[in-house]
Amino acid sequence: MTDQAVVFTQPARRFRLGDRAFALTVSVAVLVMMILFLVVPVASILLRSFVGSSGWGLENYVETLQSGRVWDLVGNSLGVAIVTTTLSICLAYIYAYAIQRTHVVFKGFLRLVVMTPLFAPSLVQAQGLIFLFGRNGAFNRFLGFDFDLYGFWGIVLADVLYTFPYAFLILSAALAASDARLYEGAVVMGAKPLRIFRTITLPSTRYGIAAAGFVTFSLTITDFGNAIVIGGDFNVLATEIYNKVIGQGKFGLGAVVGVLLLAPAVISKLLERRIASRQHALITDQSKPLTVGVNHRRDWIFGVYTYLVACVFLAVPLIVLFASLVKLWPYNLAFSLKHYSFDVQNGAQPLWNSIGVAFATAIFGVILVTAAAIVAQKFRSPLRGPIAFLAILPTSIPGMVLGLGYVLAFNSTANPLNILYGTFPLIVLLYVYYNHAQGFLIATTSLKQISTTFDEASTMLGGSQLRTLFRVTLPILWPTLFGVGVFFFMRAMVSLSAVIFLITPQTQVAAVSVLQLSDRGANNQAAAFSVCIMLIVLGALLLARCVLWLAGARHVSLIR
Amino acid sequence: MALQIEGLSKSFGSVKALSDLTLTIPESTFTCFLGPSGCGKTTLLRVIAGLETAQEGTIRLSGRDMSKTAPAERNFGMVFQSYSLFPNLTALQNVLYGLECRGWAKAERHRRAMEMLDLVKLADQAHKLPSQMSGGQQQRVAIARALAPRPTVLLLDEPLSALDANVRAELRGEFRNIQKELAITTIMVTHDQSEALEMADRIVVLNKGRIEQTGSPVEIYTRPRNRFVADFIGNFNVLQVGAGGDGAIRFGSQTLATAADASGTDLLGIRPEAISLSPEPLGLGNALYGEVTRVRFLGNIQVLTVRPDCAPEQLLDVELHGPENIPQPKDRVCLNFAADALCGLSQ
Numbered sequence: 001m002t003d004q005a006v007v008f009t010q011p012a013r014r015f016r017l018g019d020r021a022f023a024l025t026v027s028v029a030v031l032v033m034m035i036l037f038l039v040v041p042v043a044s045i046l047l048r049s050f051v052g053s054s055g056w057g058l059e060n061y062v063e064t065l066q067s068g069r070v071w072d073l074v075g076n077s078l079g080v081a082i083v084t085t086t087l088s089i090c091l092a093y094i095y096a097y098a099i100q101r102t103h104v105v106f107k108g109f110l111r112l113v114v115m116t117p118l119f120a121p122s123l124v125q126a127q128g129l130i131f132l133f134g135r136n137g138a139f140n141r142f143l144g145f146d147f148d149l150y151g152f153w154g155i156v157l158a159d160v161l162y163t164f165p166y167a168f169l170i171l172s173a174a175l176a177a178s179d180a181r182l183y184e185g186a187v188v189m190g191a192k193p194l195r196i197f198r199t200i201t202l203p204s205t206r207y208g209i210a211a212a213g214f215v216t217f218s219l220t221i222t223d224f225g226n227a228i229v230i231g232g233d234f235n236v237l238a239t240e241i242y243n244k245v246i247g248q249g250k251f252g253l254g255a256v257v258g259v260l261l262l263a264p265a266v267i268s269k270l271l272e273r274r275i276a277s278r279q280h281a282l283i284t285d286q287s288k289p290l291t292v293g294v295n296h297r298r299d300w301i302f303g304v305y306t307y308l309v310a311c312v313f314l315a316v317p318l319i320v321l322f323a324s325l326v327k328l329w330p331y332n333l334a335f336s337l338k339h340y341s342f343d344v345q346n347g348a349q350p351l352w353n354s355i356g357v358a359f360a361t362a363i364f365g366v367i368l369v370t371a372a373a374i375v376a377q378k379f380r381s382p383l384r385g386p387i388a389f390l391a392i393l394p395t396s397i398p399g400m401v402l403g404l405g406y407v408l409a410f411n412s413t414a415n416p417l418n419i420l421y422g423t424f425p426l427i428v429l430l431y432v433y434y435n436h437a438q439g440f441l442i443a444t445t446s447l448k449q450i451s452t453t454f455d456e457a458s459t460m461l462g463g464s465q466l467r468t469l470f471r472v473t474l475p476i477l478w479p480t481l482f483g484v485g486v487f488f489f490m491r492a493m494v495s496l497s498a499v500i501f502l503i504t505p506q507t508q509v510a511a512v513s514v515l516q517l518s519d520r521g522a523n524n525q526a527a528a529f530s531v532c533i534m535l536i537v538l539g540a541l542l543l544a545r546c547v548l549w550l551a552g553a554r555h556v557s558l559i560r
Numbered sequence: 001m002a003l004q005i006e007g008l009s010k011s012f013g014s015v016k017a018l019s020d021l022t023l024t025i026p027e028s029t030f031t032c033f034l035g036p037s038g039c040g041k042t043t044l045l046r047v048i049a050g051l052e053t054a055q056e057g058t059i060r061l062s063g064r065d066m067s068k069t070a071p072a073e074r075n076f077g078m079v080f081q082s083y084s085l086f087p088n089l090t091a092l093q094n095v096l097y098g099l100e101c102r103g104w105a106k107a108e109r110h111r112r113a114m115e116m117l118d119l120v121k122l123a124d125q126a127h128k129l130p131s132q133m134s135g136g137q138q139q140r141v142a143i144a145r146a147l148a149p150r151p152t153v154l155l156l157d158e159p160l161s162a163l164d165a166n167v168r169a170e171l172r173g174e175f176r177n178i179q180k181e182l183a184i185t186t187i188m189v190t191h192d193q194s195e196a197l198e199m200a201d202r203i204v205v206l207n208k209g210r211i212e213q214t215g216s217p218v219e220i221y222t223r224p225r226n227r228f229v230a231d232f233i234g235n236f237n238v239l240q241v242g243a244g245g246d247g248a249i250r251f252g253s254q255t256l257a258t259a260a261d262a263s264g265t266d267l268l269g270i271r272p273e274a275i276s277l278s279p280e281p282l283g284l285g286n287a288l289y290g291e292v293t294r295v296r297f298l299g300n301i302q303v304l305t306v307r308p309d310c311a312p313e314q315l316l317d318v319e320l321h322g323p324e325n326i327p328q329p330k331d332r333v334c335l336n337f338a339a340d341a342l343c344g345l346s347q
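Just so you know, the protein sequences line up as chains A and B, in that order.
Heads up: the first sequence begins at 1 in the numbering used here, then just goes up one per residue.
Heads up: the second sequence begins at 1 in the numbering used here, then just goes up one per residue.
Calculated directly from the structure, the hints in this document are not laboratory data.
Here the structure is a predicted model, which means the values were calculated and not measured.
The C-beta atom is built at its ideal place from N, Cα and C for all residues, glycine as well.
All clues stand as given, with none of them false.
Distance ranges between label pairs, derived from CB positions:
1. T413(A) x E56(B): 55 to 65 Å
2. T453(A) x A183(B): 25 to 35 Å
3. I94(A) x A169(B): 53 to 63 Å
4. P193(A) x H127(B): 54 to 64 Å
5. V15(B) x R274(A): 27 to 37 Å
6. G299(B) x E184(A): 32 to 42 Å
7. V218(B) x T453(A): 32 to 42 Å
8. F22(A) x D192(B): 32 to 42 Å
9. V15(B) x T453(A): 14 to 24 Å
10. H127(B) x I367(A): 27 to 37 Å
Use the sequences and the hints to build the structure in full.
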């Protein structure tokens with residue numbers, strides 16, 4: 001066996017990017033984007049909070065913290081958040097229990113109904129509650145009640161509705177994972193239902209409860225839309241940033257309040273992540289799923305509860321729909337489509353803008369999130385650690401804070417990317433990075449489920465990483481990525497707080513129009529805008545479902 | 001093409017997966033790496049493939065060092081345990097994949113892919129997706145896919161272990177025929193000794209990252225070098241023996257007649273089926289009397305456990321074929337075996 005006898009068949013290859021060069025290029029691109037559009041804005045807000053009228057220093061902090069007002073605001077925010085969290089968790093727990101552990105009828109319907117807040121602009125709860133219980137609401141006006149909704153309890157009610165779906169999704173997952181052996185053991189030992197609940201069900205879902213609690217808390221404390229619409233004279237930290245920045249033009253003070261808001265949100269997010277990771281360990285592979293027994297009395301009680309809750313969730317969008325279809329709520333209830341003519345400034349343009357922005361967000365969101373997930377999962381690049389960290393950082397940043405960060409970072413002429421300021425691309429990027437963490441986690445989870453054997457098989461056949469990606473990985477992954485795109489689309493259609501500072505008359509989006517119209521008292525037109533947003537989101541969801549159904553990918557969940 | 005492995009070592013943290021392995025895989029042969037799980041056989045195959053890198057040692061293909069060559073450039077074909085067909089591509093597209101990677105002309109690669117599918121008798125299934133095929137069909141497509149780009153070496157990583165028993169039996173023969181027809185140097189990893197015995201030209205028995213023995217299936221089966229190999233390849237009676245004063249080998253109180261290679265060791269092995277039972281000695285070289293203590297009925301064979309009078313603490317297993325004339329527990333029997341049926345074992 002001599003070397004000469006061996007003919008190495010190295011077939012002619014077309015030019016191809018080396019695997020390492022490709023991995024490095026993508027990693028660097030992903031990281032640079034994250035630094036520009038995530039790190040720099042957050043850093044800007046931190047830096048700006050230290051810039052006062054006399055230069056660098058703690059001036060803004062001193063001014064803010066010495067005024068009694070900020071402590072009132074902190075107290076208000078914490079009060080709202082704590083009461084909302086408690087109520088939301090209790091109500092959602094019972095609801096999730098009914099769905100997972102009893103035989104209430106039409107569970108699919110019940111699940112869907114409480115998800116409606118996710119399809120609507122994030123101030124629609126306040127809007128609907130005002131139509132129902134406000135000064136000119138249906139109850140006060142037509143049924144002779146005398147509610148005063150504005151203020152603390154208004155915000156709490158609206159935020160309970162707003163956070164309910166998030167809490168429900170987490171609690172429902174926690175209640176779905178159960179070990180029948182424990183329950184059988186308890187029954188054999190003669191435990192009564194209440195005791196079983198206290199000693200088995202509650203402890204086994206405690207991590208879920210804690211995780212749902214932290215999620216609800218951070219959603220509530222950072223919520224802006226509901227608080228500004230229904231709060232009246234009752235201010236919270238989130239509305240204070242808006243007042244300081246939009247009302248008084250005091251960016252430094254706004255930045256300080258933003259930092260104050262960032263702290264509890266970051267802490268509760270970090271705690272939630274720690275706790276969520278423990279939930280899985282409770283169920284082992286030997287666990288037997290629980291089968292729910294027959295108990296008509298229980299089913300009736302829970303049935304009544306779930307349908308009452310479902311009515312409330314239906315009432316909000318329905319009253320908004322109703323208000324958008326009458327001449328002048330509540331004085332003239334004659335049917336009219338005139339509010340859908342959008343004879344306001346900009347007309348229906350904000351809706352088209354929203355659709356365009358949402359599409360762009362979906363496309364760029366999917367590309368950026370997928371690239372980040374692939375770098376973090378598949379490439380052995382030294383940059384994967386920082387990228388994985390930055391990818392999930394946005395979960396802990398409130399939308400308003402990130403939005404203000406964008407203003408501070410890109411409004412400055414010192415930033416070469418200043419040309420983006422006041423344009424749609426910047427709004428798209430803000431939406432992408434605001435929702436980056438959830439999209440990244442979905443993509444990473446699915447990527448993990450694709451066997452590494454495919455990569456190895458492709459390598460052994462002589463395939464480059466690029467070829468593996470486009471020929472194998474992405475074609476397998478596309479239904480999930482499509483779902484991620486739908487998620488980005490939804491979020492870009494409905495979220496308000498992130499973009500509130502970036503909007504110009506030329507780049508108005510629909511969710512902000514709702515706020516501005518209801519601020520001006522044009523409630524019927526605001527309602528019409530809300531209805532259009534909800535219909536667009538629902539239409540997009542239906543369309544996406546059809547596409548997935550036709551493609552044979554039926555198990556992709558679109559609602560998250 | 002022959003593959004030479006020299007001084008290969010690899011550890012995962014403090015666990016030594018491969019320690020100083022040296023081995024030559026001759027050209028055009030079918031070699032099996034055989035061993036229990038965790039013995040390092042899969043790691044060795046993956047190092048050869050280039051999917052893992054060894055910390056020390058070299059791999060040469062016909063004298064040329066491959067250690068630094070990227071796996072995609074080695075031109076080795078590989079078949080994995082299961083689920084390695086790309087699920088989004090049809091059988092044909094899967095087979096075409098490696099040819100596309102190598103930039104073959106369209107007509108040429110199509111012809112080659114169909115030829116390969118024909119070889120594994122699946123030309124009529126070319127346009128099916130993996131999910132529409134059975135496990136056995138999928139593995140046959142995987143073989144076709146691995147062979148299509150004319151690899152220099154074919155690597156099989158437990159290719160049959162995820163399949164049903166009857167499909168497995170059928171594919172053993174089929175894989176072996178394809179290997180012979182193409183005369184391609186092939187390495188298969190398996191933990192199933194009967195698979196290794198049936199398919200391989202050479203078996204490499206691995207344990208704890210070391211080679212225990214290398215040889216033909218017949219050698220490995222009849223002349224295991226040590227206790228581990230003897231135990232791993234089927235049942236083996238291991239006899240603890242001592243040297244008598246005259247240099248003869250004594251099993252308890254009795255002297256044994258052995259072949260030359262069995263001297264100088266205190267462990268002897270004998271296959272259960274190499275022992276014949278009879279009421280009186282048959283004159284095969286060795287005859288031990290004993291009492292039957294246990295009878296196990298396993299269908300085509302019966303396994304008897306016998307307590308020999310000469311060494312009552314060392315029970316021996318004997319295999320009988322056919323259900324006739326099975327002794328019962330407490331029966332007295334005579335065990336007969338030839339001198340060369342005994343082989344010497346190291347610890």
